[in-house]
Amino acid sequence: MTTVDELLRLGDDALIAAQRLAEWCARGPEMEEDVALANIALDQLGAARLLLSYAGERAGTGTEDDLAFLRDDREFRNCLLVELPNGDFAVTIGKLLFLSVYQLARYDALVDSADDRLAAIAAKVRKESAYHVDHGSLWTVRLGDGTDESHRRMQSAVDELWPYTHELFEENDLRPTWLSTVEPVLAAATLTRPEDGWAPTGGRAGRHTEHLSYLLAEMQVLHRAHPGARW
Amino acid sequence: MTSQPTPAEQTPAATGRAQWPLWEVFVRARRGLSHTHAGSLHAPDAVVALRNARDVYTRRQEGVSIWVVPAAAITASSPDEKDAFFEPAADKVYRHPTFYVVPEGVAHL
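Sequence order for the protein chains is R and V. The numbering used here applies: residue 103 is where the first sequence begins, and numbers increase by one. The numbering used here applies: residue 184 is where the second sequence begins, and numbers increase by one.
Just so you know, the hints here were simulated from the structure itself, not pulled from any lab data. Each hint should be verified, as a subset may be incorrect.
[Claimed, not checked] Part of the chain V face toward chain R, derived, beta carbon under 7 Å: (1) 218; (2) 224; (3) 249; (4) 263.
[To be verified] The following residues of chain R were derived to be distant from chain V, with all beta-carbon distances above 10 Å: (5) 103; (6) 104; (7) 244; (8) 277; (9) 302; (10) 316; (11) 319.
All C-beta atoms, glycine included, are put in the ideal place defined by N, C-alpha and C.
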């Protein structure tokens, strides 16, 4: 049976990724890309709701809203990658690529889970993840193999984010699968695959970067100031 | 107070932001129907145009197939030529198949 902690890891990754991506809303580089990023954010939010609802039921800790709005940073189990700031468009795309390739591999594996409810969630959201991978790859290639400036920015984004990808594989053996998708994309984008080295960690144990508290403050303030507020 | 930029200063070249090319989007609502013009969008190339069309025009299940066409590749009739193009057809009633009687029992005509 899936552990509650595993559900929180998956659900919190999706929730925090959704909140970060939503920051692009009305700030996208083009109207079309604005819509695309908002769509992906909503996909992640949908996955988070399914996973956190299930986690809350299993643990008896309340609803999806209780988990999303009433936990403090130390109680969140998301990886550090998703809480990092959006940076420029290249960093956002790098985060999207690295996260979505990981999520797709996880959901692909979970489709066969003995936990029927989690298997059903994975089967639903893996199609969305496949599209996120497509979007992330497409832009990584265009920025990497674009102008001198876009190449410089995309390489710098990949270099900056690479250390944070190690944490994704602490509780699974999917890194070879992940690399088998990511490395060809980097090659097609004429980008240099960074060396493995520093591997910051702690997110899965609730030890986060300073960025998460600010994100949570913005995400939770309304619910905490006006408990039970409705549209 | 700073002065407003003149129109010349706001051109894509002046701001360093070239506008992406325009694409026309055609969506097939479901099998058996033909593609219908849904609108237009900007995209740097055909692959991105198709993805953008998916996000902008089919996010509420409007379609099962999408075509994107560079707007520059479409040759359109000019509104100035409307009379010469379309008006001569108005009094050619013999072009409508109405001058014969369909025999009884003929289906699918």
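Okay, the hints, checked on the actual structure:
Interface restraint check: residue 218 of chain V against chain R, minimum CB-CB distance 20 Å, threshold 7 Å, status violated. The beta carbon of residue 224 of chain V is positioned within 7 Å of a beta carbon in chain R (closest approach about 5 Å), and the interface hint is therefore held. The closest approach between the C-beta of residue 249 of chain V and any C-beta of chain R is roughly 13 Å, which is over the 7 Å cut-off, so the hint fails. Hint status for residue 263 of chain V: violated, given a least beta-carbon distance of 32 Å to chain R, over 7 Å.
Even its closest Cβ contact with chain V, about 35 Å, leaves residue 103 of chain R beyond 10 Å, as expected for a residue assigned away from the interface. With a least beta-carbon separation of about 31 Å from chain V, residue 104 of chain R lies farther than 10 Å from that chain, consistent with its non-interface assignment. Non-interface call for residue 244 of chain R relative to chain V: violated, since the shortest CB-CB distance, roughly 7 Å, does not exceed 10 Å. Separation of residue 277 of chain R from chain V is adequate, the least Cβ-Cβ distance of about 28 Å exceeding the 10 Å criterion.
The beta carbon of residue 302 of chain R is kept farther than 10 Å from every beta carbon of chain V, the shortest such distance being approximately 32 Å. Interface exclusion of residue 316 of chain R from chain V stands, the closest Cβ pair being 29 Å apart, more than 10 Å. Every Cβ of chain V is farther than 10 Å from the Cβ of residue 319 of chain R; the closest lies at roughly 30 Å, confirming the non-interface assignment.
Consistency with the previously given hints fails for numbers 1, 3, 4, 7, ordered from lowest to highest.
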